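Take a look at the letters that make up each chain.
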Amino acid sequence: MSQIHVITTINGDETEFLCEAQETLLDVLRDHLDLTGSKEGCGTGDCGACSVIVDGRLVCACLMLAGEAEGRSVETIEGMADGDDLHPLQQKFLEMAALQCGVCTPGILVATKNLLERNPNPTEEEVRYWLAGNLCRCTGYDKIIRAVMDTAADMRGAA
Amino acid sequence: MIKGGVHQPIAHDSAVKHVTGRAEYCDDIPEPAGTLHAYLGVSEVAHGRITGMDLSAVLAAPGVVGVLTAKDIPGENQISAVGAGDEPIFAEEVVEFHGQPLFAVVAETRDAARRAAAQAKIEINTLDPVVTVGDAVERGMPHVTAPLTLVRGDAAAGLARSANRIRGRMEIGGQEHLYLEGHIAFAIPGEDEDVVVHCSTQHPSEAQHMVAHVLGVPSHSVVVNVRRMGGGFGGKESQMNLFACVAAVAAKRWNRPVKIRPDRDQDMASTGKRHDFLCSYEVGFDDDGRIEAVDAELAARCGVAADLSGPVTDRALFHADNAYFFPDVRLSSRPMKTHTVSNTAFRGFGGPQGVVMGERIIEEIAYALGRDPLEIRKANFYSAGRDVTPYHQTVEDNILERIVGELEERSDYQARRSAVLEENATGGLIRRGIALTPVKFGISFTATWYNQAGALVHVYNDGSIMLNHGGTEMGQGLNIKVAQVVADAFQVDLDLVKVTKTTTEKVPNSSATAASSGSDLNGMAARDACEQIKARLVEFACDSKGIKPEEVEFRPGHVRVGDADIGWADFVKSAYLARVQLSAAGFYKTPKIHWDRETGQGRPFYYFAYGAACSEVSVDTLTGEYQVERVDILHDVGRSLNPAIDVGQVEGGFIQGMGWLTTEELWWDAQGRLRTHAPSTYKIPLASDRPRAFNVTLAEWSVNPERTIKRSKAVGEPPFMLAISVLEALSMAVASVADYRECPRLDAPATPERVLMAVERMRGVV
Numbered sequence: 000m001s002q003i004h005v006i007t008t009i010n011g012d013e014t015e016f017l018c019e020a021q022e023t024l025l026d027v028l029r030d031h032l033d034l035t036g037s038k039e040g041c042g043t044g045d046c047g048a049c050s051v052i053v054d055g056r057l058v059c060a061c062l063m064l065a066g067e068a069e070g071r072s073v074e075t076i077e078g079m080a081d082g083d084d085l086h087p088l089q090q091k092f093l094e095m096a097a098l099q100c101g102v103c104t105p106g107i108l109v110a111t112k113n114l115l116e117r118n119p120n121p122t123e124e125e126v127r128y129w130l131a132g133n134l135c136r137c138t139g140y141d142k143i144i145r146a147v148m149d150t151a152a153d154m155r156g157a158a
Numbered sequence: 000m001i002k003g004g005v006h007q008p009i010a011h012d013s014a015v016k017h018v019t020g021r022a023e024y025c026d027d028i029p030e031p032a033g034t035l036h037a038y039l040g041v042s043e044v045a046h047g048r049i050t051g052m053d054l055s056a057v058l059a060a061p062g063v064v065g066v067l068t069a070k071d072i073p074g075e076n077q078i079s080a081v082g083a084g085d086e087p088i089f090a091e092e093v094v095e096f097h098g099q100p101l102f103a104v105v106a107e108t109r110d111a112a113r114r115a116a117a118q119a120k121i122e123i124n125t126l127d128p129v130v131t132v133g134d135a136v137e138r139g140m141p142h143v144t145a146p147l148t149l150v151r152g153d154a155a156a157g158l159a160r161s162a163n164r165i166r167g168r169m170e171i172g173g174q175e176h177l178y179l180e181g182h183i184a185f186a187i188p189g190e191d192e193d194v195v196v197h198c199s200t201q202h203p204s205e206a207q208h209m210v211a212h213v214l215g216v217p218s219h220s221v222v223v224n225v226r227r228m229g230g231g232f233g234g235k236e237s238q239m240n241l242f243a244c245v246a247a248v249a250a251k252r253w254n255r256p257v258k259i260r261p262d263r264d265q266d267m268a269s270t271g272k273r274h275d276f277l278c279s280y281e282v283g284f285d286d287d288g289r290i291e292a293v294d295a296e297l298a299a300r301c302g303v304a305a306d307l308s309g310p311v312t313d314r315a316l317f318h319a320d321n322a323y324f325f326p327d328v329r330l331s332s333r334p335m336k337t338h339t340v341s342n343t344a345f346r347g348f349g350g351p352q353g354v355v356m357g358e359r360i361i362e363e364i365a366y367a368l369g370r371d372p373l374e375i376r377k378a379n380f381y382s383a384g385r386d387v388t389p390y391h392q393t394v395e396d397n398i399l400e401r402i403v404g405e406l407e408e409r410s411d412y413q414a415r416r417s418a419v420l421e422e423n424a425t426g427g428l429i430r431r432g433i434a435l436t437p438v439k440f441g442i443s444f445t446a447t448w449y450n451q452a453g454a455l456v457h458v459y460n461d462g463s464i465m466l467n468h469g470g471t472e473m474g475q476g477l478n479i480k481v482a483q484v485v486a487d488a489f490q491v492d493l494d495l496v497k498v499t500k501t502t503t504e505k506v507p508n509s510s511a512t513a514a515s516s517g518s519d520l521n522g523m524a525a526r527d528a529c530e531q532i533k534a535r536l537v538e539f540a541c542d543s544k545g546i547k548p549e550e551v552e553f554r555p556g557h558v559r560v561g562d563a564d565i566g567w568a569d570f571v572k573s574a575y576l577a578r579v580q581l582s583a584a585g586f587y588k589t590p591k592i593h594w595d596r597e598t599g600q601g602r603p604f605y606y607f608a609y610g611a612a613c614s615e616v617s618v619d620t621l622t623g624e625y626q627v628e629r630v631d632i633l634h635d636v637g638r639s640l641n642p643a644i645d646v647g648q649v650e651g652g653f654i655q656g657m658g659w660l661t662t663e664e665l666w667w668d669a670q671g672r673l674r675t676h677a678p679s680t681y682k683i684p685l686a687s688d689r690p691r692a693f694n695v696t697l698a699e700w701s702v703n704p705e706r707t708i709k710r711s712k713a714v715g716e717p718p719f720m721l722a723i724s725v726l727e728a729l730s731m732a733v734a735s736v737a738d739y740r741e742c743p744r745l746d747a748p749a750t751p752e753r754v755l756m757a758v759e760r761m762r763g764v765v
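Here the protein sequences line up with chains A and B, keeping their order. For the first sequence, numbering that gives the first Met the number 0 assigns the number 0 to the initial residue and increments by one for each residue that follows. For the second sequence, numbering that gives the first Met the number 0 assigns the number 0 to the initial residue and increments by one for each residue that follows.
Quick caveat, the hints were computed from the structure, so don't treat them as lab data. Because the structure is a prediction, the values reported are computed rather than measured. Treat the hints loosely; a few may be bogus.
[Unchecked claim] Covered stretches of chain A (in silico footprint by chain B; criterion: 3 or more residues with CB under 8 Å from a CB of chain B, positions within the stretch not fixed):
no., region
1, 4-16
2, 54-68
3, 71-84
4, 97-110
[Stated by the list, open to error] Per label pair, the in silico range of CB-to-CB distance:
no., chain 1, residue 1, chain 2, residue 2, range
5, A, 94, B, 694, 14 to 22 Å
6, B, 679, A, 117, 22 to 30 Å
7, B, 31, A, 15, 56 to 64 Å
[What the hints assert, rightly or not] Chain A side only, calculated, beta carbon under 7 Å to chain B, not exhaustive:
no., residue
8, 92
9, 128
10, 131
Beta carbons: idealized from backbone N, C-alpha and C, even for Gly.
Please put together the full structure from these sequences, using the hints given.
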């Protein structure tokens with residue numbers, strides 16, 4: 000089977016890879032590009048552990064074929080911090096203990112970053128429903144929701 | 000004060016790696032060149048005789064290197080965690096559950112292996128499966144392990160003399176763990192008979208022993224490593240053995256690294272879950288609601304094999320009393336065999352099912368007498384002279400009166416209950432319910448020998464400290480808590496202490512990280528190692544300076560030696576130069592506990608953990624849909640080792656328990672096929688399901704009267720049962736449509752469908 004040559008942008012860097020037609024974006028991120036921060040929780044788009052942003056839109060990387068990344072801009076958890084400088088959401092999540100096992104954490108952070116870019120002033124209800132596609136089995140969500148609300152307020156204050 | 004000592008709210012040791020995606024889980028370990036991938040071929044029927052297994056198409060599929068069947072197991076084709084001999088890795092003649100492994104295919108890529116597995120031609124003469132626990136009882140299926148009966152006094156006589164008697168039954172559903180990281184094992188062959196297995200297990204020593212057994216080699220040839228798991232909840236206590244063994248057998252067979260990771264559907268279909276129960280109970284009580292006697296039978300769907308069903312069903316009996324004194328009591332378990340996947344450990348380990356039944360009994364009494372269930376609870380709490388459990392352990396540390404009293408006040412329970420009653424009396428379509436329920440949970444493994452732990456502490460000559468212990472990190476914060484204990488022991492900042500991956504090479508014969516015991520056991524073992532090293536350091540200081548031991552003191556960041564303050568690193572360096580051994584293996588075994596299963600008597604628990612929750616819900620009586628409006632929790636963790644971590648455990652445990660009792664429904668069809676085998680059909684709580692108001696507080700005044708690590712208490716499992724307050728609040732909302740005249744007998748899980756059916760039943764419609 001001939002492979003597909005894809006040129007895309009990942010976390011701001013132009014990236015080239017070869018993939019099989021049936022490989023998902025998640026397969027390529029994890030297995031070819033060593034970007035293992037995106038996790039496979041279910042492989043069917045139900046858990047959100049592989050959430051990435053493609054051209055500004057939140058998607059499950061397990062539901063997108065890698066070939067579809069051609070010419071697009073992909074943001075993953077690995078691009079969220081600026082070197083050692085954590086994104087305010089990342090900083091708040093660790094300060095507020097809004098994580099336990101950590102497998103859902105990258106997807107939730109990517110999803111909430113996307114939310115705050117769209118809506119810097121979400122209500123708690125909007126946060127809860129925006130995150131309804133990201134399963135967390137450990138925390139019970141409370142600290143996550145509080146961390147997002149707090150970060151949003153901080154970021155509005157800083158802007 | 001040192002940074003990161005005990006009782007401080009320190010972030011999880013891997014938090015920065017978690018938020019940046021750099022935390023390495025088993026599937027993230029870089030694969031050496033030549034790594035192969037295995038995938039299981041499983042039975043599509045629940046029960047039958049295998050008449051043919053043609054794997055030629057599997058072998059011919061692209062990328063396939065080979066297959067493994069029962070005859071390819073070098074040692075024994077057997078992975079029963081309790082040595083029951085009833086769990087083959089691969090079925091040979093008979094299949095007994097849908098999803099049972101028949102073979103494994105090994106290929107160059109995971110995708111190739113997964114596709115090839117589907118090419119098998121399996122012929123099975125289908126037999127009738129026994130799927131539900133009710134069917135198992137009716138059709139006389141065997142027990143998978145010996146049942147237990149607890150007796151104190153004479154239940155029959157107690158019932159006979161009671162002024163009031165109620166008999167009922169309750170179905171309590173099972174639960175899928177749905178750890179976000181599924182099962183995974185990665186085996187790397189070594190020289191001689193050696194193999195290293197990285198896997199996501201809560202019980203590395205058992206995985207090691209099981210792999211050795213299956214390979215037919217001594218345990219010393221097998222190393223099992225666990226850096227971290229993406230959740231466990233009991234689902235990775237014994238269930239990982241299958242995957243660890245398949246990966247190891249394949250790795251040795253082809254002498255290449257082999258990884259196995261089922262997809263979520265196979266993970267859910269082929270590995271065990273929480274046991275669902277069918278409970279029959281009879282309670283006798285006086286006109287004040289005081290219980291006179293209880294006689295109950297708790298039957299569990301154990302699935303095909305014993306696995307941990309013995310201790311799980313035992314623990315259900317140990318907790319059927321929850322917080323209440325039963326003067327005359329008889330409780331018996333029935334661990335039923337069914338043709339379903341073998342059920343296993345899950346947070347609470349049978350205890351929650353027992354507590355749910357106990358709380359149903361309280362509800363029955365309350366509705367029969369027309370009283371607030373909280374009054375009935377208070378009337379039956381263990382108290383002086385009424386303090387012996389059905390297993391003859393005396394409850395010595397009861398703090399429920401204070402916990403419940405404080406929560407009642409804090410949550411404004413009485414006023415809110417009045418408001419709920421008033422609003423429901425207006426007859427609207429939306430009905431509300433409120434309930435305040437307590438938890439008392441016994442801490443210790445009931446298998447007494449499991450209550451031991453080891454740790455290994457090295458102090459390097461630059462003053463940095465490596466800590467290793469037999470527990471595993473699955474997100475619960477065990478590593479940070481034990482590291483805090485070590486930092487506190489040496490009085491150094493936490494960043495000097497590095498916790499390394501759990502490995503059978505460093506601490507042998509470890510127990511499962513289970514039964515909430517992680518920090519109790521491993522914290523004490525680590526402290527023991529530290530104390531050994533400190534004793535040598537004190538001796539060194541005394542010898543070199545000619546002073547007495549009481550003149551040496553470990554102070555924050557330095558050591559007081561006579562009149563001199565010496566920095567920690569300098570002190571360690573001088574000890575090293577004086578040839579002081581700076582490494583120690585620590586050990587701990589829980590004191591006081593004993594248990595005789597034959598007589599049903601003993602002290603299986605070192606102590607109890609307590610808590611209480613008040614939940615309020617609103618229910619749409621036209622659809623059965625509901626919302627949890629507000630939850631207040633007051634929970635006892637003794638003197639918390641780390642309040643930030645402990646509050647997280649309480650919140651997470653509560654929500655997981657709420658899922659179990661509300662939306663999480665496992666559904667098998669008549670052919671015994673699990674039809675809820677992915678998050679698309681199996682609904683765990685979402686962020687949108689979080690209670691609208693959620694107030695969680697630790698009982699800061701609580702101190703464990705037993706000499707546990709820094710007087711803390713275990714926290715993993717007890718909060719799970721706080722969610723029973725949600726079930727009971729739903730029940731109250733349902734009862735309102737019939738003016739609370741009747742106990743709604745709302746079974747679990749109380750899905751919206753079940754709530755609606757209960758509403759209709761109360762209305763007398765059906």
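A quick look at each hint next to the structure:
no.	hint	in the structure
1	4-16	violated (count 0)
2	54-68	violated (count 0)
3	71-84	holds (count 5)
4	97-110	holds (count 9)
5	94/A x 694/B: 14 to 22 Å	20 Å, holds
6	679/B x 117/A: 22 to 30 Å	26 Å, holds
7	31/B x 15/A: 56 to 64 Å	25 Å, violated
8	92	5 Å, holds
9	128	5 Å, holds
10	131	4 Å, holds
Hints 1, 2 and 7 from the list above are not met by this structure, while the remaining hints are.
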